[in-house]
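Asker: Residue numbers (numbering that gives the first Met the number 0), protein chains in the order written: chain U, 0 to 227; chain F, 0 to 211.
Hints in this document: simulated from the structure, not taken from any laboratory.
Values in this document were obtained by computation on a predicted structure and should not be read as measured data.
The C-beta atom is built at its ideal place from N, Cα and C for all residues, glycine as well.
A couple of the hints might just be wrong.
[As the list claims (entries may be wrong)] Per the computed footprint, the stretches of chain F lying under chain U, defined by three or more beta-carbons under 8 angstroms from a beta-carbon of chain U, are:
id : stretch
1  : 10-18
2  : 151-163
3  : 166-175
4  : 195-204
Okay, here's what each chain looks like letter by letter:
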Amino acid sequence: MSTSLIRTLPGLAALAAGLMGLAIVLALIVAPEDADQGISQRIFYIHVPIALTAYFCFGLGAWKALLLLWRGDERYDLESYVAIHQGTIFGALTLITGSIWARASWDVWWTWSSNQLVLFLVLFLFYCAYFMLRFSLEEGARRARSSAVYALFGVVLIPISFLAIRLAEDFIHPTVFTREGPQMTGTMFATFCVSWAALTLLAYVLYRVELAGKRLDADLRELREVLL
Amino acid sequence: MTYLTDVAALTRKDLRVELRARDTLPAMLLFVLSTLVVFHFALPEGTGDDAAYGLLWVAIVFTALLGLARAWVPEHEHGVLDGLVLAPSDRSAIWLGKTLATLAFLVAAQVVALPAFVVFFAPLDLTALAGVLLADIGICAVGSLMAAMAASSRSREVLLPLLVLPLAIPLIVGGVGAAISPEGERYLLLLALYDGIFAVLSWASFEYVVTE
């Protein structure tokens with residue numbers, strides 16, 4: 000990464016922090032209380048953007064994986080890995096916030112009737128296996144390509160799993176809870192958008208920070224090998 | 000045409016190796032039968048047929064995993080894979096040959112296991128059988144690619160189930176749905192869709208995981 004890109008990082012990080020603060024204020028104070036669910040509905044402004052950000056990271060990881068296979072440029076390997084790493088962190092946060100929401104509104108810590116939550120559990124397991132695969136292969140071009148292939152399987156698995164989980168509802172049990180409340184008002188929608196932008200930016204900053212760190216680490220190791 | 004000849008030769012090679020060494024198929028057969036017996040004791044009296052269908056799918060997936068774990072072992076032990084990769088044929092032919100051979104073993108194991116399931120537990124209709132066949136294709140297609148990846152890793156036996164199980168969840172949904180749902184055809188469609196998409200993806204990406 001060029002130094003000018005690294006120099007923009009503190010600015011971007013500050014922007015992300017500011018937006019996050021604004022999103023929290025909007026979500027907790029400004030947005031009107033949901034008539035149906037009360038205060039617990041406010042976690043929606045954090046939970047759903049986190050989930051969307053996780054999808055974004057998985058998509059980014061798969062895109063970089065595709066570029067690696069296509070162009071054969073080694074730098075895409077690290078970019079794909081870091082994006083998936085961030086995606087897995089956000090995926091874990093989705094599971095945690097989803098579980099808290101389920102506890103608050105349905106009085107259970109886990110429910111199989113929320114398709115999105117089940118999908119995230121499947122994806123979480125899938126991407127954990129990605130790390131297992133990556134760390135048990137010898138470093139090199141082959142590891143880069145195997146990881147890339149697995150990352151591509153991930154984005155294809157997302158729609159197919161979603162379809163399968165929707166179909167499985169029929170025989171596992173019918174939907175009892177739905178999230179289809181009344182339509183969002185303007186303020187609610189604005190809060191949601193701000194929060195979404197904040198989390199996407201946060202994920203992007205984290206992605207860049209981790210990438211810069213990993214690259215520095217690799218450079219340092221190379222230097223040490225040259226010197227010693 | 001040469002592509003199909005290559006695939007046929009590779010499949011024949013695997014079947015012949017198995018016929019001589021008898022490493023995989025007897026293990027799969029014994030495993031699936033033992034699993035069914037274990038299920039009899041795992042299912043309390045009066046649990047009903049639906050639970051048995053669910054467990055049948057657990058047995059099928061784990062039997063397939065057992066076969067897949069052995070799939071690339073001969074290639075790795077004798078360095079055959081390097082030779083195959085260097086051979087003047089399309090590399091995806093290696094994947095297709097391995098997939099067909101593994102599929103043959105899995106179907107052969109099921110020829111014994113499914114009648115045993117019917118005798119022990121519950122009947123299977125035509126839709127359920129079509130579901131089994133479609134899911135077999137999917138799990139062998141994806142599994143032989145994943146097994147090739149796992150085979151070059153340090154922890155191959157441990158890694159394979161971790162790689163395959165999250166990918167197999169749609170197959171289990173489709174298979175169980177085809178067995179117990181009154182609208183089983185919808186689940187067959189899901190399985191066919193899965194097979195089509197993942198077979199093409201595995202076929203196209205195999206080259207990347209075996210070349211240095």
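Asker: Evaluate each hint against the coordinates.
Answerer: Hints and how they fare:
| no. | hint | in the structure |
| --- | --- | --- |
| 1 | 10-18 | violated (count 0) |
| 2 | 151-163 | holds (count 7) |
| 3 | 166-175 | holds (count 6) |
| 4 | 195-204 | holds (count 4) |
Hint 1 alone, counting from the list given before, is not met by this structure.
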